[in-house]
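Asker: The sequence shown: position 1 = 1 (our numbering), numbered continuously.
Some hints could be false.
Label-pair restraints from in silico Cβ distances [what the hints assert, rightly or not]:
| no. | residue 1 | residue 2 | range |
| --- | --- | --- | --- |
| 1 | Lys-161 | Glu-213 | 10 to 20 Å |
| 2 | Glu-38 | Lys-235 | 23 to 33 Å |
| 3 | Lys-193 | Ser-26 | 23 to 33 Å |
| 4 | Asp-220 | Gly-109 | 24 to 34 Å |
Read the hints as simulated data drawn from the structure, not as lab findings.
By construction, the Cβ of each residue, glycine as well, lies at the ideal position given by its N, Cα and C atoms.
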Amino acid sequence: MARQNNVWGRVEELERLESLNIDISSSSALEELFRADELAGCIKEVCIRDVKEEAYKTLVLPTMERLSKLIIRSCDISEIEIGRTPCDIILTRTRLRNLTSVIITGCNGLKDLTWLLLVPNLTHLELQCLEKVEEIISEERVASSVTDEPKARGMNTPFQKLERLELINLPRLKRIYWSPLLFPCLKKIVVEKCPKLRKLPLSFKSCVGGGEELVINYRDDQWFKRVRWEDKATKDRFLPCCEKVF
Numbered sequence: 001m002a003r004q005n006n007v008w009g010r011v012e013e014l015e016r017l018e019s020l021n022i023d024i025s026s027s028s029a030l031e032e033l034f035r036a037d038e039l040a041g042c043i044k045e046v047c048i049r050d051v052k053e054e055a056y057k058t059l060v061l062p063t064m065e066r067l068s069k070l071i072i073r074s075c076d077i078s079e080i081e082i083g084r085t086p087c088d089i090i091l092t093r094t095r096l097r098n099l100t101s102v103i104i105t106g107c108n109g110l111k112d113l114t115w116l117l118l119v120p121n122l123t124h125l126e127l128q129c130l131e132k133v134e135e136i137i138s139e140e141r142v143a144s145s146v147t148d149e150p151k152a153r154g155m156n157t158p159f160q161k162l163e164r165l166e167l168i169n170l171p172r173l174k175r176i177y178w179s180p181l182l183f184p185c186l187k188k189i190v191v192e193k194c195p196k197l198r199k200l201p202l203s204f205k206s207c208v209g210g211g212e213e214l215v216i217n218y219r220d221d222q223w224f225k226r227v228r229w230e231d232k233a234t235k236d237r238f239l240p241c242c243e244k245v246f
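Take these sequences, add in the hints, and give me the full structure.
Answerer: If you want it as structure tokens, here you go:
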């Protein structure tokens, strides 16, 4: 522990440090990151893995203004929050404007990822092996965050910059979002082992202006046969975009 603290201290003393990529695999290192505000502000990529302690069931990430890539693997967490404010004021918190890639795998306590509303420039989202996730963005949690629910929805349309969405082995996932999204930049969706996901949040107006036609990759014929579309126009538009991969 002492050696680790010395390392963090030396890093903080680097006056000209502009960017930092870091791999965290212990609760003590994570705690040091929380305390080192100036250091957190320099981090561009971070991988948090194998954090199992009870104290980190809620993973509260410090505001990392330069963060562009976040990876969380095999952590016993049930909640992710940004900053140190309660989730019920999610709409007013500082957003992670430089974060473009989020990969989360093997975190079986998570039920949703509503905090992604704070990531307006996300281009790549990969979710794998999350046993309890039922929704990506929770309608209930968004509605409870403000009094004026319609206004809240209008202010927090997610995934406006998203280009690639990968959903793999999410056995309880029922929906990504409660209504169709425009997805103006979306180029690819990958769906594998998501048996309860019956509907993608698409309409015939989705994915217009991105320059490339959307590709929807799937492996399970039964899943593909059970997919429901918003309407016939949506089905006619996106059914040809579906490609089975082997």
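Asker: Sort out which numbered hints this structure fails and list those numbers smallest first.
Answerer: 2
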